[in-house]
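Enquirer: Each chain, letter by letter, is given below.
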Amino acid sequence: MDFSHILNSKKLTLSVVLSVFLSLFACKSFAIQSENETVKEKNAKEEVFNPTTAILEHIGDSHYWHVGGELSFPLPVIIFTDGGLETFSAAEFHHGEAAYQGKYHTYKLVEDKIRVVDANGAVDKEASHHIYDFSITKNVVALWIAGILLLVIFFAVAGGYKKRTGKAPKGLQSFIEPIILFVRDEIARPNIGYRYQKYMPILLTIFFFIWMNNLLGLIPIFPGGANVTGNIMLTFMLSFVVMLIVNFSANKYYWKHIFMPDVPLWLYPIMIPVELIGVISKPFALMIRLYANISAGHIIVLSLISLIFIFKSLWTSVVSVPFVVFMDVLELLVAFLQAFIFTMLTALFIGTAVEEHHH
Amino acid sequence: MEELFDGLLNDHLGFVVWSAVAFLILVILLGKFAWKPIMSAINERERSIEDALLKAEAAKEEMARLTNENESLLKQARAERDLILKEARHMKDQIIAEAKEAAHAEGARMIEKATIEINSQKAIAIADVKNQVANLSIDIAEKLLRKQFENQREQDQLVADLLKEVKVN
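Going down the list, the protein sequences come from chains A and B. Using the numbering used here, the first residue of the first sequence is number -11, and each one after it goes up by one. Using the numbering used here, the first residue of the second sequence is number 31, and each one after it goes up by one.
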């Protein structure tokens, strides 16, 4: 999409943007000069702001839900160890500063990941490989919130259909119906064909699940703020589900195309591996696409906000906040677009799997 | 590389399982209680709208057909009425003509009858008059003769005359 006309119309050329940034550098150096002594003292005590860790912390999963300032909710920790199940509150870690003596091991948070530590407080790598973290993390809670929202919204919509049987939709129902029809008429029907009806529930669930999580991810405060669809584990789960659906609904033509393609026999050693890779690579591309798009959006927004802390000047917000607003609006579009693309490609893969060939 | 994947499964398997469980529950619950009624309601409504449109189209056609029929019926009725009127007029004329003819005939017959009657009456009257005239003439002649033959000389005279006449002949 071309947004250059916005910049042109406001005479906001690149040089203006650059000059603002340069002036901020000047501000910074001035500030450093004037408060030379105090800054040096502070720097010695305070950690230097590291945008990479800050951003990765924000887009990553956590055992705490940070609400703002000093306020954060510790979430329950559930670990399968070689000894057995272990449950306690993440509050026991005191934000990663303290180790927790459990029933079977002593645990500590290292970069928000649970590790087994020995008596000296050093990470025991070997023991850590035998524990599985099934904690209710920030992403799990965000997932539940999105799920509950979806259930509330669509049960209400379904109720609307029951209440106004055969009548025109009203309220929330009339907002949702065009989207459902969009999924049916633009995604399912053209890609799958006349058998689309069977796949409507899974396509609708995938679409609204991704969209809702994308939108909640854009909200910086509770109950949003988690980066669920920008988490490769979630996109892996979704694309794995898609792979299962596609391959289990595939007909004989699909398998014939993979194992007995219409090529000379001597090409089979090349063709069959290529086709088999294709079975995996299609959902793999789905996984990477959604993960990368959503994560990239979050990283850009967080980078723009980080500029304020890098320059240590409130005036940076004059530049970065409008950019963040612009990016957020763009992300609003991307949230819908990625849900649409994921669902459409799912429908396309199902369509190729159930397609009837008439050679 | 090993560093990158170190603990990947240990740290993230939980989230994959949790998200899969959450997604599965969503698919089942939404599929059963949201998508099924929503899709069936939408399909039902679309079908009913299509039905209604088709019915409206059919009703329109039916209406047109009825209008056509009505018009043809009206036309037919009008033609029939015209025919009946024509026939009636024709019959009226015929009746009038017949009546006129009958009247003429009757009149002629009556006139004829009257003429005959008049003629017979006239004949009777004439006969009567003839009788009366005859009687009267006889009476007169009698009276005249009586008068003439009152004296003898005249009688003789007459006989003489008559005899004379016979002689001449």
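The set of hints was computed from the structure by calculation and includes no laboratory data. Among the hints, erroneous ones may be present.
Stated by the list, open to error - Here are the simulated DSSO-like cross-link-like pairs (lysine-lysine), alpha carbons at most 27 Å apart as the crow flies:
1) B/K143 <-> B/K130
2) A/K113 <-> A/K151
3) A/K240 <-> A/K186
4) B/K66 <-> A/K151
5) A/K155 <-> B/K105
6) A/K186 <-> A/K113
7) A/K151 <-> B/K173
8) A/K96 <-> A/K113
9) A/K186 <-> B/K66
10) A/K155 <-> B/K66
11) A/K186 <-> B/K177
12) B/K105 <-> B/K90
13) B/K116 <-> B/K130
14) A/K151 <-> B/K85
15) B/K194 <-> B/K177
16) B/K194 <-> B/K173
17) A/K113 <-> A/K101
18) B/K194 <-> A/K150
19) B/K62 <-> A/K158
20) A/K150 <-> A/K186
21) B/K62 <-> A/K155
22) B/K122 <-> B/K105
23) A/K270 <-> A/K240
24) A/K158 <-> B/K66
25) B/K62 <-> A/K150
26) B/K173 <-> A/K150
27) A/K155 <-> A/K186
28) A/K158 <-> B/K152
Treat the numbers as computed from the prediction; the structure is a model and nothing was measured.
Enquirer: Of the numbered hints stated previously, which ones are contradicted by the structure, given in increasing order?
Expert: 2, 5, 6, 7, 11, 18, 26, 28
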